[in-house]
Amino acid sequence: MIHEQVKGKPVTPATAALILLVAAGAIAVAYRYAMGLGAVTNLSDQYPWGLWVAVDVFSGVALAAGSFTVAGLVYVFGGERYHVFVRPAVLTGLLGYLFVAVGLAVDLGQPLHIWHPIIMWPEHSAMFEVAWCVMLYLSVLALEFVPAVLERLGWSGLQELWKKLTPLVSAALLALFVGVMSLSWTWAIGTLVFFTVLAGMLSRFVPARPGVPALLIIAGVIFSTMHQSSLGSVFLLMPDKLDPLWWTPSLPINFFLSAVAVGFAIVIFEATLSAKAFKRPLEKEALAGMGRFLAYALWIYLAFRLGDMAVRGHLAGLFGGGKAPLFLLEIILGVLVPAAMLTSARVLGSTAGLFLAATLVVLGVVFNRINAVWLAMTMPGEGAYVPSALEVLVTASLIAAMVYLFALAVKLLPVFPRSEGEGPQPSPAAATASSRTHTIASR
Amino acid sequence: MGRACLVDTTICTGCRACQVACKAWNDLPAEKTKFRSKGDGYENPPALSGRSYTRITFHEILDDGGNLDRSVFVKRQCMHCEEPACVSACPVAALQKVKGESGSAGAVVYDVEKCLGCRYCMLACPFNVPTFEWDKTVPKIQKCTFCADRLEAAEPANPQVNDQPLAGESLERFEDTQRMPACAKACPTGAIEFGEREDLIAEARRRIEEKKKQRGSWQYVDHIYGEKEVGGTSWLYLANVPFDKLGFRMDLGERPYPEYTKLALDAVPPAVIGLGAALGAIHWISNRRAAAEEADGPETPTGREGEQAEAASEPEKPTSGEGQRAV
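First to last, the sequence lines map onto chains L and B.
The first sequence maps to residues 1 to 443 in this note's numbering.
The second sequence maps to residues 1 to 327 in this note's numbering.
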């Protein structure tokens with residue numbers, strides 16, 4: 001697939017507004033480093049985690065899930081028709097993880113020690129697994145995005161080297177991860193051997209796909225799966241605080257399943273907005289396909305979550321309990337309604353319908369993470385946590401920074417598939433849109 | 001097994017000498033507090049904090065007629081769990097349970113040089129003990145240290161009496177009186193007893209049984225709080241009113257907290273291999289099928305109606321120009 005850059009100026013009125021917001025946020029962050037967390041946030045010993053952990057970190061990771069669901073769908077499951085979404089999704093994932101890393105650095109009390117998980121290996125800590133998943137998946141995402149950069153620079157020699165090396169690098173990263181999580185040489189070496197053999201077999205027996213080292217994609221899917229689920233594992237230690245409507249030994253699976261769903265949703269969300277913002281054609285057929293996958297993912301998530309609650313005997317909690325309204329809001333608006341919408345062919349065929357459903361899913365998953373981090377937690381003592389204005393500003397400016405970087409990246413790098421001169425267009429509507437792009441671009 | 005403290009709340013008079021001794025030994029600044037007449041009575045500070053590792057909670061127990069029956073004072077601080085949730089939570093091993101023959105065996109200690117400041121320990125702790133220096137630019141996690149530094153070495157290091165260094169038996173006796181947490185050392189009533197955990201459990205049981213023989217007297221609740229809670233703690237409590245009336249959670253269970261995450265984390269290495277095998281197999285099958293389709297052309301007859309329809313609705317599906325494709 002040939003990709004192209006979006007034509008346009010690097011700074012427009014819209015991006016100028018984003019930059020302004022980012023600058024305001026940067027001042028707030030500077031103030032936070034100078035004065036401490038207590039001066040800027042409403043966090044306390046009662047509520048040690050708040051908006052930044054819930055949105056910047058936990059939701060940020062979930063919303064970066066698009067890169068692994070799409071890369072997995074296209075390269076592992078052979079969903080070639082969804083290829084158009086790969087690069088934008090990988091870019092979104094990369095920026096999403098950057099957002100998480102920056103958000104984390106702002107939230108940590110000892111940010112200079114952020115690298116300590118590299119040398120301290122407490123394999124019994126879910127947060128340790130989270131930290132390693134962030135590092136390793138960020139490496140994989142960067143590796144996945146390298147071709148776009150090399151293509152832009154025209155360094156074909158490095159592109160060849162990248163193709164040769166990435167399978168081995170992927171195997172090594174997986175072995176490193178298993179090694180630190182098991183603290184066992186046997187596991188580490190076994191993993192290295194297993195994935196090196198797998199890489200060899202795939203390259204020998206599976207017809208070569210130019211430019212796609214299968215093992216890199218597989219490593220990305222594995223790290224993502226582990227990361228999304230480990231964020232759920234973090235809450236396993238809070239059975240005494242997290243409401244039983246959320247707390248379950250299956251939390252890692254709940255987090256993974258909801259991440260898969262939101263991965264599809266964020267692709268629809270991002271593609272629809274990009275098409276509008278960059279005046280590009282919308283891949284309607286493929287988007288409807290993503291909508292269908294999203295519906296499956298939502299039904300599976302809903303069935304698993306409710307089934308798990310039924311097995312543990314917590315379904316009755318739906319109708320009593322102080323946290324039940326939060327749960328019902330999260331499940332009905334964030335899962336049930338979009339799942340029902342996307343099961344209808346009429347919605348799948350409508351851009352607005354798809355976008356609305358995807359937006360509900362995105363908001364629903366963010367709400368789920370916010371619930372887990374603070375709203376569904378019962379903390380000792382009186383008082384509640386409401387984020388401060390500066391906390392909101394920092395989070396808003398981080399989101400603005402990501403949007404701006406995305407808009408900048410698609411102008412500097414070939415991210416979107418070429419929309420003209422590439423054979424017939426999928427539909428007349430898209431063709432018109434394409435020619436419109438052409439006129440605007442040539443203007 | 002490790003050191004422990006037994007707090008007998010029936011002995012405590014609520015004098016708070018332990019709070020003062022704790023501040024003095026650990027060099028903790030004072031806290032500005034205000035009179036709290038509601039609810040928890042006269043207790044101060046209102047909660048554990050980055051400046052207070054321990055505090056006495058006040059509990060007014062009413063009789064059936066609604067009159068004050070008795071006042072009970074409970075010393076709260078880190079429970080120093082046998083299998084601590086905070087230690088299992090910490091991603092950088094900044095929190096550790098001291099084990100083995102060390103003088104401070106049993107203490108859960110914290111190393112700021114490793115700490116990230118992620119505050120996961122605060123949320124993981126079933127007793128809500130760890131606190132944070134919210135007002136500092138580079139804050140530490142703060143909590144009771146079990147005076148691990150005192151347990152490691154008696155202070156002063158070379159004690160003298162009448163300019164003569166202490167030696168032999170007198171030195172040992174002196175050290176035994178010093179090698180205990182500052183609070184236990186300061187307690188004027190003997191409500192805080194320091195010793196080996198198993199000895200203290202035996203002592204607690206003895207007190208409960210002893211009381212049972214005194215007919216007509218008040219009785220201990222037949223429970224040692226901390227013996228089994230969350231897998232056992234190094235601070236143990238006796239009381240003569242139900243523990244839940246003294247602010248102790250009775251619903252924490254006996255399961256050690258680290259076990260809650262153990263299953264999920266133990267599953268990681270096999271899951272990585274399993275996922276790798278599954279994804280490799282899926283990739284293999286789907287790509288061979290795709291390659292076969294491409295080789296046969298999209299008009300392959302039998303058995304592929306579904307895919308054929310898909311292919312038809314997807315003119316973008318590349319049959320030529322394959323070589324140019326990149327990620």
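These are computed hints drawn from the structure, not numbers from a lab.
Just so you know, not all the hints are guaranteed correct.
Derived DEER-like restraints, expressed as beta-carbon distance ranges [claimed, not checked]:
#1 G253/B to F205/L: 24 to 30 Å
#2 K411/L to G247/B: 56 to 62 Å
#3 K136/B to M201/L: 53 to 59 Å
#4 V112/B to A316/L: 33 to 39 Å
#5 G313/L to P29/B: 44 to 50 Å
#6 G247/B to I119/L: 37 to 43 Å
#7 C15/B to F319/L: 47 to 53 Å
Some chain B residues flagged as far from chain L (calculated, every beta-carbon gap over 12 Å) [unchecked claim]:
#8 C86
#9 A89
#10 Q96
#11 D111
#12 E113
#13 K140
#14 R205
#15 K228
With a straight-line cut-off of 30 Å between C-alpha atoms, the simulated DSS-like cross-links for lysine-lysine are [unchecked claim]:
#16 K245/B to K241/L
#17 K241/L to K211/B
#18 K185/B to K241/L
#19 K213/B to K241/L
For glycine and all other residues, C-beta sits at the position ideal for the given N, C-alpha and C.
Hints and how they fare:
The given range of 24 to 30 Å is broken by G253/B and F205/L, whose C-beta atoms sit roughly 52 Å from each other. For K411/L and G247/B, the hinted distance range of 56 to 62 Å is satisfied, since their beta carbons lie about 60 Å from each other. The hint said 53 to 59 Å for the Cβ distance between K136/B and M201/L, and at roughly 55 Å that hint holds. For the pair V112/B and A316/L, the supplied restraint of 33 to 39 Å is violated, since their beta-carbon distance comes to about 45 Å.
Between G313/L and P29/B the CB atoms are about 48 Å apart, so this pair conforms to the stated range of 44 to 50 Å. With their beta carbons about 39 Å apart, G247/B and I119/L fall inside the hinted range of 37 to 43 Å. A C-beta distance of roughly 49 Å is found between C15/B and F319/L, which places it inside the suggested range of 47 to 53 Å. Distance check on C86/B: its Cβ comes as close as 9 Å (rounded) to a Cβ of chain L, failing to clear the 12 Å threshold; non-interface status is violated.
At the 12 Å boundary, the C-beta of A89/B falls inside the reach of chain L, the nearest C-beta of that chain being 6 Å off. Residue placement check: Q96/B does not keep its beta carbon more than 12 Å from all beta carbons of chain L (closest about 9 Å). Against chain L, the non-interface label of D111/B is violated: not every CB pair exceeds 12 Å, the least being about 10 Å. With a minimum CB-CB distance of about 8 Å to chain L, E113/B fails to clear the 12 Å threshold, and the non-interface call is violated.
For K140/B, the requirement that its beta carbon stay farther than 12 Å from each beta carbon of chain L is not met, with the minimum near 8 Å. At roughly 27 Å from the closest C-beta of chain L, the C-beta of R205/B stays outside 12 Å, upholding its exclusion from the interface. With a least CB separation of 16 Å from chain L, K228/B remains clear of the 12 Å interface cut-off, as annotated. This hinted pair checks out: K245/B and K241/L have alpha carbons roughly 19 Å apart, not beyond 30 Å.
Straight-line distance between C-alpha atoms of K241/L and K211/B comes to about 36 Å, which puts the hinted pair past the 30 Å bound. Between K185/B and K241/L the alpha-carbon distance is near 34 Å, which puts this suggested pair outside the 30 Å criterion. Proximity of K213/B to K241/L is assessed by CA-CA distance (about 40 Å); at most 30 Å being required, the pair is judged violated.
Of the hints listed earlier, those the structure fails to meet are numbers 1, 4, 8, 9, 10, 11, 12, 13, 17, 18 and 19, in rising order.
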